[in-house]
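Student: One letter stands for each residue in the lines below.
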Amino acid sequence: MGEYLVEMDRICKSFPGVKALDDVSFRLKSGEVLALLGENGAGKSTLMNVLSGVYQKDEGEIRLFGKTVEDLNPKKAQELGIAIIHQEMNLCRHLSVAENIFLGREESRCGVLQRKDMNRRAAEILARLNLDIDPAEAVGNLAVSKQQMVEIAKALSTDARILIMDEPTSALTMSEIDELFQIIRRLKGDGCGIVYISHRLEELQNIADRVQIMRDGRYIASMNFADTTMDEIIANMVGREITEKFPRISCPRGEKILEVRNLNAGKMVRDINFDLFAGEIVGIAGLLGAGRTETTRAIFGADPKDSGQILLDGREVVIRRPIDAIRGGIMLVPEDRRKDGLCIKLSVQSNISLPNLDMLSNRFGVIDRKKEKKLSEKSIQDLNIKLPSSTVNVATLSGGNQQKVVVAKWLARNSRVVMFDEPTRGIDVAAKVEIYNLMNELKKQGIGVLFVSSEMPEILGISDRILVMCDGKITGEMEIGEASQDLILKYATTFDTKSGLPEAI
Amino acid sequence: METKDRQNAWKRFMSIRGVGQVVTVTAGLIVLCIVFSMLSSSFYSERNVGNLLRQIAPILIIGIGQAYVLITGNIDLSIGSVVGMSCMISATLMTKGVAPFAATMITILICLGVGVLNGTLVAKCKVPPFIATLGTMTIARGVAQIVNNNYNTDAIGDSAQGFRNLFYYGKTLGLYNTIWIAVILFLAFDFLLGKTRTGRHIYAIGSNMEAAKLSGVNSVNTTVIVYVVSAFCACVVGLITCAIAGMGTMDAGNMYEMYAVAAAAIGGISTFGGEGLLVGTVVGASIWGVLQNGLQFAGAPVAIRNIVIGTIVVISVLLDVVIRKNKPRKKAKRVLPVQVGSAK
Ligand SMILES: Nc1ncnc2c1ncn2[C@@H]1O[C@H](COP(=O)(O)OP(=O)(O)OP(=O)(O)O)[C@@H](O)[C@H]1O
Ligand SMILES: [Mg+2]
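Sequence order for the protein chains is Z and D.
Per the UniProt record's numbering, the very first residue in the first sequence carries number 1; after that it's consecutive.
Per the UniProt record's numbering, the very first residue in the second sequence carries number 1; after that it's consecutive.
Keep in mind the hints are simulated off the structure, nothing from the lab.
One or more hints might be untrue.
With a straight-line cut-off of 25 Å between C-alpha atoms, the simulated SDA-like cross-links for lysine to any residue are [to be verified]:
no., chain 1, residue 1, chain 2, residue 2
1, D, Lys124, Z, Leu438
2, D, Lys195, D, Trp180
3, D, Lys195, Z, Gly481
4, Z, Lys267, Z, Ala143
5, Z, Lys370, D, Val127
6, D, Lys124, Z, Ser307
7, D, Lys213, Z, Lys444
8, Z, Lys245, Z, Gly481
9, Z, Lys339, D, Trp180
10, D, Lys195, Z, Arg369
11, Z, Lys339, D, Val127
12, D, Lys213, Z, Lys76
13, D, Lys124, Z, Gly481
14, D, Lys195, Z, Arg93
15, D, Lys126, Z, Cys92
16, D, Lys213, Z, Asp9
17, D, Lys213, Z, Glu203
18, D, Lys213, Z, Leu312
19, D, Lys124, Z, Arg321
20, Z, Lys76, D, Val321
21, D, Lys213, Z, Lys245
22, D, Lys195, Z, Ala412
23, Z, Lys444, Z, Arg327
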């Protein structure tokens, strides 16, 4: 293979209280896809942020195309041919697709923006990605997966030689992922070097040439993908072997806890009927945009309902606002951690205690700090959240650890039903198992668990019963014994004849 | 060993969110006091210090109200007009023979109404806070003008001497009552913000409205509460203004909403919401008061005072922005990440 595009040697980087990178070296050749792997908080994003000039290294050396560079900043990195797709999306929602793609590199003639030119060039880039998006559309109006594709288009538009993708697929649909892989192969053929960060290890076989593994801010190993096994990779990542990726416990099915009758809410929740029993985990499968999130939100009272009944332990409950659901013991662990899950300016502790303040304060509303601290520290321990202290800002945690905080805040109190919406998005293998164990623990305690996921293996691996949704309706239901990937896919694409295909498949 | 402990305690103290800015501006405040006492020997006279504190008090009180609103990510432009309204309504009632106590209560009730209106417009009707409170600002000023038919009131008279002493001229335990009022309000509202559920909800909706709602926070009620707090604070300042002059003036409180923003922002309350400590507002208001008073003592004309104060407002906030931006670049000591509960 060719020359090294990137050589990073003995890089160190500290944040207050955390040594995020400790003596890490890193190589990227031209024409290769390097998968950068590691647990949540291992320092993958930090290393790539150092490479792309977002953070300054404390110590170490960076050589790009064989030349030593100092004082990298995002602008300089971009000029040198480095493009990065960040883990959290960084788009301006009010600006158009084209404006976002060319943000900071706008074309102007005599100070006048060449809007037409930019729209045309954006359209070209989008066409190269096989994307049917209007360049003049405001980004905020697009579905999340399309926004992610715009983010990718933005990175590609810089004609970078070094492309960094930090969990690009966590919000994409299946066909978009295929599209992305094709693009990656094409770029590889053109001699670009690509760094690919993902917690979906099953994706690697499609694209990875080499893997580098990090743990606790340190370099652990690097090897050719062809020479290694998944088990070896995982063992290197977590420092021990994981025997069971989908632990399953069996419990007798108990009483009926939750009953949803003829629930309607807007276009995406149409005539939903299902029951949930104690001692079972019910998975809701479906394609992106099938109305699964909307259904959980409607039950929880986050969105208004048009009609329908919700019965908890046989008695009807009226849920108008989330607080009604919480009081009744119905919890929702929401999907988008930045938007719905976390108050990013507040500490981890405040985030965990927020839905539980009623338990932590006396009848005058005064919060008991000791109780609060105890509760948050217990949750942090239970979920093995990695952080310097519970009073740090959640924004400083790694993506996966933030996700764990979202889960933690809802598990701190007694509940009857817990609904998880994509709970393992962006979480490493070991942490996924921890979340599954938590769900199993709830199941054992007789709490109803409802669980939305787009990842087929986990739906099949964890649920006892599966509901499949398509286009706002439940189109299929099966016991785990009879379930298969094909059957789920069949139900997931059972559209009403008149409503036509949705955009996301 | 002992010094190390002390170092750690200091570090822990500084790591509490929002403390950094408060420490910086406190240092600034101390510098200002030193400079002014060098410029004028009478700056530190007992008389001036008492007066200075009494000047700071109203700014602090409206600053507290604005800080509440800012932390939720909103703004209250109606503060100044509510001050005027409160001043005019209470004075008019008293000149018409209403007992001072009753007049005070009626005034407070009416002002709280403005707060409820603001909160409802913003949270329930989703009118952008800048516009909603711009509207109520104009309306409240109109009310201030109309209560006494477009005239300032006459003197509120001897029967109101108790009222004037209570809010301004009297002393308790050697300190002016105005100062006591500010101290009590600060302690109460600092407690509410820092120690109670409501306070936590205020930070939460300022940081992420959607996440807060999904966590069961009633965003409408919380928003109404902050606007009511703000209106209440403005009302108290209006009563103080009335007590000072002994009459109602229609343009009382003019521009106070901006002074309130300044006091809060100098003290580290983020104008984007979700951040800031109320103690910061005490320092912010003090800087404001010390500048006004000190520059006056130093003989600076009003125009110069305005220019200096405006500059200081921008610089203090700028300083905070710069400090924050540079923080991650500083080399931290080698500390291994603490892993909580990793034992398996
Ligand atoms: N801006 C920051 N301030 C303070 N600490 C930070 C900051 N960014 C990252 N960290 C810390 O650095 C460590 C490494 O974080 P990083 O985001 O690189 O992890 P990661 O490998 O990308 O994990 P994930 O898979 O969860 O995204 C974590 O312990 C995190 O808390
Ligand atoms: Mg990351």
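Student: If a hint holds in the structure, say so; if it does not, say that too.
Tutor: Hints and how they fare:
Between lysine 124 of chain D and leucine 438 of chain Z the CA atoms are separated by roughly 38 Å; this puts the pair beyond 25 Å, and the hint is violated. As the CA atoms of lysine 195 of chain D and tryptophan 180 of chain D are separated by approximately 22 Å, the hinted pair is consistent with the 25 Å bound. A distance of roughly 52 Å separates the Cα atoms of lysine 195 of chain D and glycine 481 of chain Z; the hinted pair therefore is violated under the 25 Å criterion. Distance check on the hinted pair: lysine 267 of chain Z and alanine 143 of chain Z sit about 15 Å apart at the alpha-carbon level, within 25 Å; holds.
For the suggested pair lysine 370 of chain Z and valine 127 of chain D, the alpha carbons sit about 39 Å apart, so the restraint of at most 25 Å is broken. With a C-alpha separation of about 23 Å, the suggested pair lysine 124 of chain D and serine 307 of chain Z falls inside the 25 Å cut-off, and the hint holds. Only pairs whose Cα atoms come within 25 Å are accepted, and lysine 213 of chain D paired with lysine 444 of chain Z is rejected, the gap being roughly 30 Å. This hinted pair checks out: lysine 245 of chain Z and glycine 481 of chain Z have alpha carbons roughly 19 Å apart, not beyond 25 Å.
A C-alpha spacing of about 43 Å is found between lysine 339 of chain Z and tryptophan 180 of chain D, which places the hinted pair above 25 Å, so the restraint is violated. The suggested pairing of lysine 195 of chain D with arginine 369 of chain Z holds, with an alpha-carbon distance near 8 Å, which does not exceed 25 Å. A C-alpha spacing of about 22 Å is found between lysine 339 of chain Z and valine 127 of chain D, which places the hinted pair at or below 25 Å, so the restraint holds. Using a Cα cut-off of 25 Å, the hinted pair lysine 213 of chain D and lysine 76 of chain Z is violated, with the two alpha carbons roughly 41 Å apart.
A C-alpha spacing of about 49 Å is found between lysine 124 of chain D and glycine 481 of chain Z, which places the hinted pair above 25 Å, so the restraint is violated. Under the criterion of a C-alpha separation no larger than 25 Å, the hint pairing lysine 195 of chain D with arginine 93 of chain Z is inconsistent with the structure, at around 36 Å. Between lysine 126 of chain D and cysteine 92 of chain Z the CA atoms are separated by roughly 22 Å; this keeps the pair inside 25 Å, and the hint holds. At most 25 Å may separate the alpha-carbon atoms for a hinted pair to count; lysine 213 of chain D and aspartate 9 of chain Z exceed this at roughly 46 Å.
Pair hint lysine 213 of chain D plus glutamate 203 of chain Z does not hold up; C-alpha atoms about 36 Å apart against a cutoff of 25 Å. Taking the CA atoms of lysine 213 of chain D and leucine 312 of chain Z, the gap is near 22 Å; set against the 25 Å cutoff, the hint holds. At roughly 14 Å between alpha-carbon atoms, lysine 124 of chain D and arginine 321 of chain Z fall within 25 Å of each other, so this suggested pair holds. In summary, the hint linking lysine 76 of chain Z to valine 321 of chain D is supported, as the alpha carbons are separated by about 23 Å, within the 25 Å threshold.
Under the criterion of a C-alpha separation no larger than 25 Å, the hint pairing lysine 213 of chain D with lysine 245 of chain Z is inconsistent with the structure, at around 34 Å. With a C-alpha separation of about 20 Å, the suggested pair lysine 195 of chain D and alanine 412 of chain Z falls inside the 25 Å cut-off, and the hint holds. The suggested pairing of lysine 444 of chain Z with arginine 327 of chain Z holds, with an alpha-carbon distance near 22 Å, which does not exceed 25 Å.
In summary, the numbered hints that this structure violates are 1, 3, 5, 7, 9, 12, 13, 14, 16, 17, 21.
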